[in-house]
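Chemist: So the protein sequences, as listed, match chains A and B. Read in the numbering used here, the first sequence has 4 at position 4, and its numbers run on one by one without any break. Read in the numbering used here, the second sequence has 186 at position 186, and its numbers run on one by one without any break.
These are calculated hints, taken from the structure and not from any lab test. A couple of the hints might just be wrong.
What the hints assert, rightly or not - Here are the simulated lysine-lysine pairs, DSS-like style, with alpha carbons at most 27 Å apart:
no.: 1; chain 1: A; residue 1: Lys74; chain 2: B; residue 2: Lys118
no.: 2; chain 1: A; residue 1: Lys17; chain 2: A; residue 2: Lys74
no.: 3; chain 1: A; residue 1: Lys78; chain 2: A; residue 2: Lys55
no.: 4; chain 1: A; residue 1: Lys78; chain 2: B; residue 2: Lys98
no.: 5; chain 1: B; residue 1: Lys156; chain 2: A; residue 2: Lys74
As the list claims (entries may be wrong) - Some chain A residues near chain B, calculated using beta-carbon distances under 8 Å:
no.: 6; residue: Leu7
no.: 7; residue: Leu9
no.: 8; residue: Pro54
no.: 9; residue: Glu58
no.: 10; residue: Ala80
no.: 11; residue: Trp84
If you're wondering where the values come from, they're calculated on a predicted model, not measured in any experiment. Even for Gly, the Cβ is constructed at its ideal location relative to N, Cα and C.
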Amino acid sequence: MTRQQVLDLYFMDARCKLIELAAFLDRVDRGSGEADFRLSAFKEAMRHLADGEPKRAEAVLLSFSDPTVDPIAKAPGKGAVGAWPGAAQ
Amino acid sequence: MRYIEPHGHMVSRTTDDYIDMVTAGCAAVCEPAFWAGFDRSSVDGFSDYFRQLTEYEPARAAKYGLPHYCWLCINPKESEDVALATDVISIIPEFLKKPTVLGIGEIGLNKNSRNEMKVLEMHIDLAARHDQMILVHTPHLEDKLKGTRLILDVLKADSRIRPERVLIDHVEEHTVRMVLDRGHWAGMTLYPISKCTPARAVDILDQHGSERLWMNSACDWGESVPLAIPRTALEMRRRGWTAEAVDQVVYQNPVRFLSQNPRFQLR
Ligand SMILES: [Zn+2]
Numbered sequence: 001m002t003r004q005q006v007l008d009l010y011f012m013d014a015r016c017k018l019i020e021l022a023a024f025l026d027r028v029d030r031g032s033g034e035a036d037f038r039l040s041a042f043k044e045a046m047r048h049l050a051d052g053e054p055k056r057a058e059a060v061l062l063s064f065s066d067p068t069v070d071p072i073a074k075a076p077g078k079g080a081v082g083a084w085p086g087a088a089q
Numbered sequence: 001m002r003y004i005e006p007h008g009h010m011v012s013r014t015t016d017d018y019i020d021m022v023t024a025g026c027a028a029v030c031e032p033a034f035w036a037g038f039d040r041s042s043v044d045g046f047s048d049y050f051r052q053l054t055e056y057e058p059a060r061a062a063k064y065g066l067p068h069y070c071w072l073c074i075n076p077k078e079s080e081d082v083a084l085a086t087d088v089i090s091i092i093p094e095f096l097k098k099p100t101v102l103g104i105g106e107i108g109l110n111k112n113s114r115n116e117m118k119v120l121e122m123h124i125d126l127a128a129r130h131d132q133m134i135l136v137h138t139p140h141l142e143d144k145l146k147g148t149r150l151i152l153d154v155l156k157a158d159s160r161i162r163p164e165r166v167l168i169d170h171v172e173e174h175t176v177r178m179v180l181d182r183g184h185w186a187g188m189t190l191y192p193i194s195k196c197t198p199a200r201a202v203d204i205l206d207q208h209g210s211e212r213l214w215m216n217s218a219c220d221w222g223e224s225v226p227l228a229i230p231r232t233a234l235e236m237r238r239r240g241w242t243a244e245a246v247d248q249v250v251y252q253n254p255v256r257f258l259s260q261n262p263r264f265q266l267r
């Protein structure tokens, strides 16, 4: 696809998501109390959007990922939250 | 158009979903064993579930002319209890005789714990002993990268496993390359919030080629879209893919992988 075709197909969708992202950050700012590790992980991941490198989606996913290599002793539960708590520890 | 749904948890879906899928061109559906949303309390619960997957669900799908196949295992979400997992694995061989069972799956990891690893190795050994194909679930979100690496290493360590008979599911941009480089097939799951959106799935196909990739809806009891594959086929067409190139991804690829088991037949 040409860049023009990509814009024609996806610009409005991406514009919508960008405004949602901005509104989400505003909403978090207006909230009270402390934010947990997810907010700093989110802001760290956002830096990849503007760094001009070609693999931004991969970089964002890696930024949220547990980078350790050894199995953990015991599963603490079943769920995942979307960001690695260890990065903020 | 025609397509295969290679990963759908149909026990959680309505008969209306079957009708919509067949109407949209679904030619076969494959159902891996998974977590019910709560922990089953005993091996008997799994025995009933395996009967549902191998007897009741194929009959429900057959009413609409849809071939239904399944994969059997105890899901990684229930693998922390090794004693229960051992009991469940011991009853799987009797169900492997059923004509619509394609292999062992979806096995893998969830939180990347030592017990999950132990149960994963037990499943791989079961598959190797019974010459079964394998369908692998990779962990969610922040656990996916680490879990995918651990799973690939466990598979590589067992010399009886042929990589081309193993599909690693739920890949995303940060895991797809390592899976393909090991000679396995890779699956992309089309979910509304987590995993891949249709646009990103087509990006991955554009960048990594469609040789050993398939797509699935992994529709279950959570937020998921049973028609995610035909919708993504539409996305591909809007991006200039030819009908033949779309057909290769949504139909020919799953047929090629699944036909490694001669039980997989299309009517
Ligand atoms: Zn699944």
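Chemist: Hint by hint, work out which the structure violates, then give me just those numbers in ascending order.
Modeler: 2, 3, 4, 6, 8
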